[in-house]
Amino acid sequence: MQGLKKDWEVEAPPRECSLEDYMGAEPRWCPGCGDHSVLGAVQRLARDKQLQPERTVVVSGIGCSSRFPHYMKTYGFHGLHGRAFPLACGVRSRRPDLDIFVVTGDGDCCAIGTAHWIHAIRYNMDLTVLLLDNNIYGLTKMQTSPTTRPGERSNTHPKGSVLPSLNPIQVTLGIENASFVAQTIDWHPPHLYATIKAAHEHRGLSFVRVYQRCPHYTSHIFAPAQSDPGKVVVMTHPDGIHADEVAMKLFPHRVNHDPSNLEEARKLAKDDEAFIIGLFYKSDECARYDQATSQGIGMTGMEKVAAMERALDRFAL
Amino acid sequence: MQSLHPKPTTPINSTKYHYLQELAFQLLPYSRVFLRGTSSKAMQPVIAVNEPVSTRTPRQIDQHIVEIVSDSGEGAQTCGQMFASLCARSGNGIWTVEIIPAEIEPPARSRAGASGYRIRLGSQPVTNAGDTADVVVAFNEQVLYSRIDTKALRPGTIVYLDQSWAEHQAEDIRIKYAEAIKDFDRLGYIVVEIPIERECKKHTDDARRGKNMWVLGLLCALYDLDMDMVRGDIAKRFAKKGEGVIRKNVLLLEDGYDWAVRHTAERFHIPATKSEKPMVVMNGNQAIGLGVMAAGMELCAMYPITPATSASHFLASAFDQVGGFVHQAEDEIAAIGFAIGASYAGKTAVTITSGPGLALKTEFIGLAVMAEVPLVIVVVQRGGPSTGLPTKIEQGDLLAALYASPGDSPKIIIAPATIEECFHFMITARKLAEEFRGPVMVLTDANLATGQQPFPRPKCSEAWLAAPVDQSDWEKEIPPFAWDEETGLSQRPIPGQRGGEHVVTGLAHDRASHVAYESAINQQSMEMRSRKLAVLQSTLKQPAVHGANEGDLLVVGWGSTLGAIEEAVDRVRADGHRVSSLHLRFLSPFEPGLKQIFSRFKNVMTVEINYSDEPGKPYINEESRRYSQLAMLLRARTLMDIDCWSRVPGSPLPPAMIENELRRRLQVMRNA
Ligand SMILES: Cc1ncc(C[n+]2csc(CCOP(=O)(O)OP(=O)(O)O)c2C)c(N)n1
Ligand code: SF4
Ligand SMILES: [Mg+2]
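Chains A and B, in that order, give the protein sequences. The opening position of the first sequence corresponds to residue 0 in numbering that gives the first Met the number 0, with each subsequent residue numbered one higher. The opening position of the second sequence corresponds to residue 0 in numbering that gives the first Met the number 0, with each subsequent residue numbered one higher.
With the rest of the complex left out, here is chain B:
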């Protein structure tokens, strides 16, 4: 391999096995301390009283799940983000989920308009959004219904609800509110009616714009957070709007805090485990943006599409600091074409999209494979098919990614499972794209895109950056596709390199890049492009099993489900069951040794957020059943009877849902 690289000074590291160390380093950390025990066990009801109880000290707990929901435009998301950031900076683990309304300007007090934020916070690192909420603050009863519809609550959930609707001038609103209170009681929620709007009106004429700060104050009191820190945040956030606005917001905040201290029966304290290392907190799309920068890529070409766009928004705000540029193209086809053009003539570029955009890009993906142009393609998956569920999570594009493009187009596909991996995988992706000379797809999803999680601050290094564009002379004797017979690898001449002039083409071509229709050449070039994947696989480590290395049931997952799967597995293991899990980061090629791992378990199943037929449904039998996407690939790859359990709820799979399924399976296995 070394020999085919014309110059020893070449920036591309061609040592075959350096991935062993490098990837292992970049895929860190596989294992973490995960939260144990269901949140329901940790919960104790709280009763609001009207007497001051400020003397009571907050009760210490392990973790909680908090939701804030409002009409769209009332700022519950801002409130949630600020609360999450405070918790993270206080040293708590967090995972967040955005609750996004279905429309841009939905009517007030409607289920469709529910906008908000879920924060799961704990003493330990938090790996997923968890199950049902412990505390929900709702700005009106209608938005709460939308959370009930998505099963975000359970009997015993404490609901802080703005009571001002009870006194509203419109009779129908008063009636709806009263009916809702009855419903909520019947459903077993602990409803605490609180005077959000009335209190806010003391400080502002437009309560719609103040409620979120008041609620932030309430939450700070409920969870015993440092008020000085949040005052500082407000000052920073509203700095541009002037002193008056800052003062008003701080007043609202303090009022909410004081009210809560005086009126809530119980407050909580979730001890922080301050990390030794410096930490950062961000969502997956920001991590991707930062990863692009840290990888030394300098061009991102995109077309807006939810939920991918915010990655480009972030890049647009920061990319110029590292000399980069975001190109908003006229469509997704143009975006990838532009990225390929830029990659071809210089440093590896990135294009960021979601499912429908991926569909449009497929022809160009084939060209990048055929012409062996390095390229990074990020696909932030959403619900499909077609326009599907634009803001919601699904893992439905694995096969679309794998088979994107006409003909055989072997390409590398990796899937980060955490926010931290979203960052590091971008560096890996660029290196893989250059080393293996072709497109690398990075699959994330809406859950990672918007979820926030703290992780150790990366120590950026020049070694992570793309090498300068090689402009030195090219040895004329070396053709542009000097495929190494064994590995299929070759190095590419870049415009500007004298002696390397050639025409890349999507047509079948020989080593000189001359159009060639001869069957032997076609056979060989196909082989060379495919071989690269096998070579990459040979440099990867066997993935680590979470739990014991053998047992009754192995759960295989990929992408954002890591935390939920491992939490579910831990809960079941805690009861003595022989269940483990395995999370794949490489989907093309797979990490090696899967068959060996699978063979040590009686049953293997995937858990995925994409559609599969359920056995027992009408017409569904062994021959007709369609498996979930990873399961389909693993079955083909291993010839083992790998089962699947998948759901498409449009939301992350809660650990309890997975846990129930695991328990059900174990029961079936015992009965058999």
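Just chain A, same shape as in the assembly:
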């Protein structure tokens, strides 16, 4: 266990976990909801990597997508609307040993939680972040979200959304210290899995936006791309996402993109109408705030009391 001493020494021997060992409560999402696929991918990843359920924490905000932790049989924190990032960063701050996933929605991350999103990217703590973007507020019944496309109708804009949508990838790529930015679709399990796997393997904050089908409210947005793989563009590169090659043959359009090229990534990200999937950007050079926050873990009581005495000396009469 990285950097952990004394306090933390109790470590149970690993055990063999099957898929069932990661399955919590019965998911209550609508049939055909993309959240089901993401859950399945994360559970498979956990099984394949043999993540120990007691050392895995899934943190979320509020929304349909944020129900995610309940459906995992790991530790979980179903937090407040928009506030998954602060909670997850706090969990990470003193626990370098845990595997931490953050699940958030487009309203959760890109509206009420925007400040935390920007700063979490900058903190670059080791977190696997999944933005489940269905272009709508699902849980509260179809209100416009920041990613709702212009002209799309909702209960708050019955005549159609009047503003251009916010592009989460572009925003994230614009934040200093972003270290892993990828995009995928929930309806292609191999690419979804490979993307989440790469994100999980990255040390630092990996940001994955998943185009997520919401058959209940926004089926017309994602159905065309689902039925026509020609609407999807795949970014390929030796340093990119490696999904099953046979399965990827489905997509006719490819673009070669070197994920170390930030300029190019920003250009590619601009077109939010095209479903561009793959790794936009990755850097292992970014500062990681969790390396600062976790300093000093495991100091013994005796050391602390001695340090306290020295601290009090500063105020001694």
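No lab work stands behind these hints: they were computed from the structure. Incorrect hints may appear among the rest.
[Unchecked claim] Pairs of lysine-lysine, BS3-like flavour, derived with a Cα cap of 25 Å:
| hint | chain 1 | residue 1 | chain 2 | residue 2 |
| --- | --- | --- | --- | --- |
| 1 | A | 196 | A | 248 |
| 2 | A | 72 | B | 475 |
| 3 | B | 475 | A | 48 |
[What the hints assert, rightly or not] Far from chain B by the CB rule (all over 10 Å, computed), these chain A residues:
| hint | residue |
| --- | --- |
| 4 | 152 |
| 5 | 156 |
| 6 | 162 |
| 7 | 232 |
| 8 | 253 |
| 9 | 255 |
| 10 | 266 |
| 11 | 283 |
The C-beta atom is built at its ideal place from N, Cα and C for all residues, glycine as well.
Go by the hints and put chain B with the ligands onto chain A.
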């Protein structure tokens, strides 16, 4: 209760009544020797003469209140701090108040720019800032006006005023100065014009940067302090700036000292009562920081806000020594979220803020209550509402703290009344947060935050530290909210504990932490969270009354007003009146037995620094009157007619102000 804790090795002490001893120990000392008699009685005027009077021995007195005021940036605060520290180390009791300018870089010679320090020093421990000043050293006449505006002076106050403005090249400044001298005479101050700037210019080209050391020398002479000690302080303070700077400052100091010995008519000696025990001196925010460390907390998440920030400044300078970290978040919401995340996954964390930050944190406070995550929230109160009086004292956030969060969110609220308690209450707060599994709020205020007071050096112990994070297996059969039916208490599994996997949620949930909308479960879980407060109350002692246990009038207070209230009560009691006081440390739940205490007094009233309507004002009648915050709670709690007297001056309530009100009330009672 014991049974629901899965492992006997668990670090959490679950003996129901251990708080009786432990809290009593940590809330010590309730009673102290308080200063008696008003400072005005102790005062005798001093007249400056031009003849050397160095042979005269200093006159012995009990206590004095000294203020040093300057333009912002001239170092009156540094001077005051060094003087206070000297007095404390000489064995005097002290209480200090920072005089803070309204702006960061106010214009020179302006009332708004007054920056300085008040030090009340005495032979005995000093519990509050006292009434009007005995001695004020002012670097110019305009900053003195600002002190006059806040009623810090009285006829007879000795004012040492820099006379160089009388010779200033600008005519308007000379005129203003001359007018001011006339004003001050008319107001009855004993003005002693002193050549601060002229003397400083002998040693430095930039007198603005030297005056404070010269004045420190003057004060050392006036109060007969040990010059070797202060030379050492200067050497330490300017060590990084090199020998030359140290020498120059020592020269200024000595010049100020010599001048005072030669020219002041009277000097003072306040005998020290050296404590047997080793002592420390610090302000309330430093005490909170040290308390956080001594409690074994390892994470403080904050967002800068006056007057709370300096606690985090201190922690940032020292926390790493005990393996801790200060996280400056992007806002107060993120700060508490981060702290909750850290607490949930490990040791109890702390977030430190003031009123506006508390407002932002409320949703997360509710989550900590609902998800039963231990957390310490320090609220250093300032004047409100809204941005209010950012640097000034108020006790206006009691109800905001109590009711912070939507729905019913029972939480523990404690309020230290002294600097020493600021330290010890942090240890108590962490333990309460863990034992009772939820947020504990610690309410202090700007007065405690910046006031310095000596107290016995705490003897830190491993028992005060948070236990190591439990990573052993969790008994699968025990749900994450195994509420004990009687007490509502339960123990939490922490990530890493195999078998304890669960999802905490802010949604209504059952014992397994499964989302549950059933009415019976909701009723029960609400009951369980609330019951914990009653259980805590059952372990607390009835608070001790200051003065007799029965009488005509009982004054109830909380927080930083302790010293001033008790001093006022003592003065009135000295005249034979049957007045006592009671100071509450626990505000949620209250300490037990209050009704019983109240019933032994004819009248009960709170004294608070928050707003209440005054009877007799337009439209104010029995139905419309809004009471001060503690009074409102006590009335609801006891169904007794508890009155209140509260003011919002933005400064600590001087004992004399409280004393006047007590005398007025007693008169009204006699007439009735
Ligand atoms: C402070 C607060 N404001 C509003 C809500 C109501 N609310 C819950 S979820 C949600 C929007 C969810 O949308 P999104 O994040 O896109 O998640 P989805 O349901 O689409 O997965 C809103 C507005 C809330 N729970 N808390
Ligand atoms: S409303 Fe949409 S996002 Fe929510 S569960 Fe149904 S399909 Fe999924
Ligand atoms: Mg959504």
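Here is how each hint holds up against the structure:
1. Only pairs whose Cα atoms come within 25 Å are accepted, and residue 196(A) paired with residue 248(A) is accepted, the gap being roughly 20 Å.
2. With a CA separation close to 13 Å, the supplied pair residue 72(A) and residue 475(B) stays within the 25 Å bound.
3. Pair hint residue 475(B) plus residue 48(A) holds up; C-alpha atoms about 24 Å apart against a cutoff of 25 Å.
4. Residue 152(A), annotated as away from the interface, keeps every beta carbon of chain B farther than 10 Å; the closest lies near 30 Å.
5. Even its closest Cβ contact with chain B, about 26 Å, leaves residue 156(A) beyond 10 Å, as expected for a residue assigned away from the interface.
6. The Cβ of residue 162(A) sits about 24 Å from the closest Cβ of chain B, beyond the 10 Å cut-off, so the non-interface label holds.
7. Distance to chain B confirms residue 232(A) as a non-interface residue, since its nearest Cβ pair spans about 34 Å, more than 10 Å.
8. No Cβ of chain B approaches the Cβ of residue 253(A) within 10 Å, the least distance being about 38 Å, so the stated non-interface status holds.
9. Taking the minimum C-beta to C-beta distance to chain B, about 37 Å, the non-interface status of residue 255(A) holds against the 10 Å cut.
10. Non-interface status of residue 266(A) relative to chain B is upheld: no Cβ of that chain comes within 10 Å, the nearest being about 29 Å off.
11. The beta carbon of residue 283(A) is kept farther than 10 Å from every beta carbon of chain B, the shortest such distance being approximately 24 Å.
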